[in-house]
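S.K.: Sequence:
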Amino acid sequence: MIIGIGVDTVEHERVRRAVESARFARRVFTDAELAMPLPSIAARFAAREAVVKALHGLHGLELRDLEVLRTPLARPEFAMPPRLRDTLARLGVDALHLSLAHDTTTATAFVIAERRA
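Mind the numbering: the sequence shown is residues -12 to 104 in the working numbering, read in order.
Simulated from the structure, these hints should not be mistaken for laboratory data.
List time: in silico DMTMM-like cross-link candidates among lysine to aspartate or glutamate, alpha-carbon distance up to 25 Å: (1) Lys40 - Glu20; (2) Lys40 - Asp90; (3) Lys40 - Glu0; (4) Lys40 - Asp52.
Could you put together the complete structure from these sequences and hints?
M.R.: Set out below in structure tokens:
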């Protein structure tokens, strides 16, 4: 059962300006994410915004808890550190489905929060 949907689109330039602030960058992204090209960083910011919408808030999480990894088949997925895993369990969310897209100026993320059973 779908219990939440979130979508977000962000301009690359807005994210570039934001990550120029080391404080913002460290608060939001992991070192591995910051090493990526700008379109990928922007997509990961959009993913964070989209998951907050799908979950209807942060529920005690920090944006940095929402790291986006790539599977060996290049599919994006959220890392599941204990804090995120515990929050999802408390909310009754069994899975987060993530899709990312970007072009030359914008990045978009779509998230579905699912409860199985």
